[in-house]
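Each chain is listed here by its residues.
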Amino acid sequence: MSRLRGLIRHPLGQAIGLVITAYLLFTIGIAYLPGLLGLRSAPVPRSVVLQYMLTALVGILIYVSHDEERWRQFKEPITALLVLPKTRVLRGALLTLAPLLIGWLTFQQVRPRVDTPIGLRSIHPAPPGRITFQGRQLELTGLENPLRHRGALEEHYETGRGIYYQNCLPCHGDLLDGNGHFGHGFSPTPLSFTDPGTIAQLTESFVFWRVAKGGPGLPREGAPWNSAMPAWEDFLTEDEIWAVIIFLYEQTGWQPRRWEEGGGEGGEGH
Amino acid sequence: MIDALTLVQAAADTTGAYGSFPGIGARGAVWIAAQVHLMFAAFVLGVPMFAVITELIGIVAKDSKYDKLSKEFTRLLVFAYSATALWGGLLLFLLTTLYPRFWGHMARVFGPSMWLYAGLFFVESFTLYLYYYGWDRWKAGRAKWGHWALGLLLNVWGTIVMFIANGWLTYMMSPPSGVTAETLPEQVGLWNAIANATWMPINIHRLIANAVFGGSIVAAYAAYRFLSARTAEERAHYDWMGYVGNFIAISTFIVLPFAGYYLGREIYEFNQQMGITMMGGFMSWLWIVQAVLIGVLFLAANYYLWIGMARIPGAERFRPYTKWMLLLLVVCWIVWGTPHTMIASRAELAAMGGSHHPFLNILGVMSAKNTAVNLMILTTFLSFLMYRRANKRPTVAWAKSGSMIEGAMFALAAGVVVFYGIYGYFVEAIVRIGFSVYQVAAVLACIIGVTVIDLFVLRGAESRGEIRWGEMPERSQYALFVLAITFTWLMGLMGFARSGIRQHWHVWEVMRDTSAQAATPALGAAANMISLCVVIFLALVAFIFWLGGLAERAVQRPEPAGGA
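Heads up: the protein sequence lines correspond to chains A and B, in order.
Counting in the numbering used here, the first sequence runs from 1 upward without gaps.
Counting in the numbering used here, the second sequence runs from 271 upward without gaps.
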């Protein structure tokens with residue numbers, strides 16, 4: 001018991017404990033703890049776990065080395081392992097196992113795989129300044145939803161709802177959360193409009209561009225053809241697309257991003 | 271038929287417009303020359319700023335230590351000036367031979383300013399030589415003030431030179447409205463071209479960034495000299511110099527994000543597509559890399575201060591707090607570096623239900639990131655404050671209430687930052703963007719308010735003991751190297767973001783890049799190129815550091831006994 005207490009109090013023991021705690025938090029903790037509070041979560045991708053672990057590791061190294069006494073204690077067992085004659089067997093084992101481990105990890109990285117390569121896909125790529133919509137030029141910059149200044153909003157909402165249920169429901173779902181009955185068959189999966197990171201961040205002109213041009217019309221960073229979203233300009237009129245956009249915002253309760261006075265749009269990145 | 275004609279026209283336009291360069295190509299050659307030139311230029315413009323400030327402190331406080339420090343800064347400048355000019359010359363030759371049509375356009379728009387630029391470079395160089403070589407000659411009385419004025423002039427010339435060059439590069443990014451592909455260069459108007467939309471934001475951003483960069487390189491120089499010092503006196507001097515360099519770098523760095531924000535706003539104002547390309551398009555991953563690197567800077571700076579507190583009597587009373595400050599910094603760093611769109615395998619994407627993580631998604635937006643970075647700035651400022659207060663015991667009667675007011679200001683600033691960070695999730699985007707202004711204002715007000723109060727609280731304070739300069743563990747000096755390397759890398763990386771958002775245009779929507787290398791490079795390729803530039807620059811800087819030491823040893827070496 002006292003040995004365990006000594007290990008916990010020792011800076012090296014603390015560092016190892018912190019590394020393990022951080023790993024468990026980033027893998028199991030984030031995946032399952034929010035669920036206890038009724039919040040949705042999922043396992044964290046490996047790339048992000050790696051980034052988090054490197055960050056935590058830097059923090060832990062700073063913790064053990066910014067105090068002279070703690071740093072001395074931290075190094076003591078490591079130096080003993082690498083220098084003292086009595087630790088020869090352990091040292092030999094470590095110096096054999098460490099290269100083997102690194103070799104195995106390297107092999108895991110470079111071995112041939114049949115998985116789809118991991119791509120860096122931008123969900124909200126930069127829109128073009130203007131597009132060609134059904135054969136005519138449309139300036140996207142500063143473009144507002146014309147239906148908001150024409151006719152009754154309630155009517156447009158109803159029209160939009162009809163269009164949504166006829167065309168969008170199978171993928172984007174009844175609750176607009178991307179969980180339509182076909183949704184799970186696609187990769188990437190359809191966007192959830194209830195997510196604060198999707199239409200809540202965008203102007204209506206951006207959403208119009210995405211609906212009109214679909215997956216094939218994505219710029220390179222958005223991985224065109226990767227998305228199964230059809231180019232709806234081939235099936236819907238301009239007003240129908242604007243109406244469905246009104247439905248999306250009204251139904252989710254989000255406000256579309258407005259254009260700033262003077263034409264610029266404030267920036268929010270990744 | 272029309273397509274064929276377009277192709278013929280494009281071929282005719284491109285003929286003779288571009289040269290070729292072996293191995294790395296024309297763009298690679300110009301990229302390296304421009305980037306390394308810019309790094310040296312930033313150094314030679316940043317260092318004179320605090321050389322004159324430290325010289326002034328030396329004159330007013332009658333402390334020769336500051337004068338020696340200022341002279342040492344300037345010695346580095348003499349070597350770095352030649353490197354700046356050499357790389358500038360190389361860049362000019364490369365532009366003339368590899369991009370003759372583009373450079374012809376620029377020369378026709380900016381001709382007279384280029385002559386002025388060259389003339390001012392001469393004046394600036396000679397002012398520097400007078401400033402450095404006249405140091406020991408004009409070291410007392412009125413002559414010393416004259417000497418100091420030379421340093422001031424050096425800054426004036428340097429700033430004008432930079433403003434002129436900024437006019438050229440910002441014209442490429444944001445040419446004045448009304449200038450089109452059909453406009454003749456002579457019709458643009460020189461002042462109209464210089465005073466474009468992003469000129470002043472770049473001027474301000476670079477002025478501050480140069481001071482940050484200069485401070486970090488000087489600190490790295492001091493670290494190098496500290497590690498190679500042979501006497502306790504040398505170690506003490508270079509320990510102190512490293513501290514001053516780090517202080518300058520970090521204190522000016524704290525205001526840099528605000529200047530960057532101003533620049534970003536102006537880019538959006540000029541062209542929203544350019545702005546979105548920068549922040550939300552294919553360049554957006556650069557901001558995650560930037561967040562990671564700036565996290566390194568904050569942690570390295572704090573680490574250096576915390577280690578340094580071991581040589582300050584009285585600092586031990588602050589030691590229990592550092593681990594909590596570290597925890598806060600690491601948590602904020604994690605928040606800031608969390609990508610909104612995650613790199614994930616097919617199985618991971620399916621589990622998340624898309625590229626956005628259902629829980630970590632809340633950390634991917636600007637509300638979380640602005641909150642994190644502002645808390646990191648506040649924590650770093652607190653470290654500086656603890657460092658400054660460590661060996662002092664206030665004697666004013668109201669010291670306790672003064673400290674409590676300072677504490678309340680910290681709490682209030684942190685409260686405002688966190689409140690608007692959380693509130694930002696409940697309002698629409700356009701309102702949320704405005705919240706960052708309140709967060710920044712709260713942090714700046716706290717920094718200014720606490721600094722002023724602290725100056726008065728510590729007036730006439732008793733000393734708990736002198737700082738034991740030189741008694742610094744060697745590992746602390748590597749933190750200074752990390753700072754310099756990270757700043758250099760960041761500069762190249764964000765420079766690429768600024769330049770890359772022009773995409774396939776030499777001059778945005780005025781002159782198209784029709785060369786074979788017109789495509790914007792992928793992030794990985796750009797990062798490799800930037801890293802190469804950083805390695806070239808740092809190798810040359812290491813050589814300059816070595817020369818700096820060599821020159822000093824030559825001066826210190828005693829005359830041989832006897833003689834002819």
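Any given hint could be a false lead.
Unchecked claim - Once the Cα atoms are required to be at most 20 Å apart in a straight line, the calculated EDC-like pairs of lysine to aspartate or glutamate come out as:
hint: 1; chain 1: B; residue 1: K593; chain 2: A; residue 2: D239
hint: 2; chain 1: A; residue 1: K75; chain 2: B; residue 2: E744
hint: 3; chain 1: B; residue 1: K593; chain 2: A; residue 2: E144
hint: 4; chain 1: B; residue 1: K335; chain 2: B; residue 2: E741
hint: 5; chain 1: B; residue 1: K409; chain 2: B; residue 2: D333
hint: 6; chain 1: B; residue 1: K332; chain 2: B; residue 2: E342
hint: 7; chain 1: B; residue 1: K338; chain 2: B; residue 2: D406
hint: 8; chain 1: B; residue 1: K670; chain 2: B; residue 2: E736
hint: 9; chain 1: B; residue 1: K593; chain 2: A; residue 2: E238
hint: 10; chain 1: B; residue 1: K414; chain 2: B; residue 2: E503
hint: 11; chain 1: B; residue 1: K670; chain 2: B; residue 2: E732
hint: 12; chain 1: B; residue 1: K662; chain 2: B; residue 2: E744
What the hints assert, rightly or not - Not everything, but these chain A residues come out facing chain B in the computed CB check (under 10 Å):
hint: 13; residue: T141
hint: 14; residue: N145
hint: 15; residue: P146
Since the hints were made in silico from the structure, they are not lab data.
This one's a predicted model, so the numbers in the text were calculated from it and none came from an experiment.
From the three backbone atoms N, C-alpha and C, an ideal C-beta is built for every residue, glycine too.
Hints, verified against the model:
1. A distance of roughly 59 Å separates the Cα atoms of K593 (chain B) and D239 (chain A); the hinted pair therefore is violated under the 20 Å criterion.
2. This hinted pair checks out: K75 (chain A) and E744 (chain B) have alpha carbons roughly 15 Å apart, not beyond 20 Å.
3. The suggested pairing of K593 (chain B) with E144 (chain A) is violated, with an alpha-carbon distance near 51 Å, which exceeds 20 Å.
4. Proposed proximity of K335 (chain B) and E741 (chain B) is supported: the alpha carbons are some 18 Å apart, at most 20 Å.
5. At roughly 13 Å between alpha-carbon atoms, K409 (chain B) and D333 (chain B) fall within 20 Å of each other, so this suggested pair holds.
6. Annotation: proposed proximity of K332 (chain B) to E342 (chain B) holds, straight-line Cα distance about 17 Å (limit 20 Å).
7. This hinted pair checks out: K338 (chain B) and D406 (chain B) have alpha carbons roughly 11 Å apart, not beyond 20 Å.
8. Simply put, K670 (chain B) and E736 (chain B) have alpha-carbon atoms about 23 Å apart, too far for the 20 Å limit, and the pair is violated.
9. Between K593 (chain B) and E238 (chain A) the CA atoms are separated by roughly 58 Å; this puts the pair beyond 20 Å, and the hint is violated.
10. The hinted pair formed by K414 (chain B) and E503 (chain B) fails the criterion: a straight-line CA distance of about 26 Å is larger than 20 Å.
11. Straight-line distance between C-alpha atoms of K670 (chain B) and E732 (chain B) comes to about 15 Å, which keeps the hinted pair within the 20 Å bound.
12. A C-alpha spacing of about 26 Å is found between K662 (chain B) and E744 (chain B), which places the hinted pair above 20 Å, so the restraint is violated.
13. About 6 Å separates the beta-carbon of T141 (chain A) from the nearest beta-carbon of chain B, less than 10 Å, and the hint is met.
14. A least Cβ separation of about 15 Å between N145 (chain A) and chain B goes past the 10 Å threshold, and the interface hint is therefore violated.
15. Annotation: interface hint on P146 (chain A) violated; nearest CB of chain B at approximately 19 Å, more than 10 Å.
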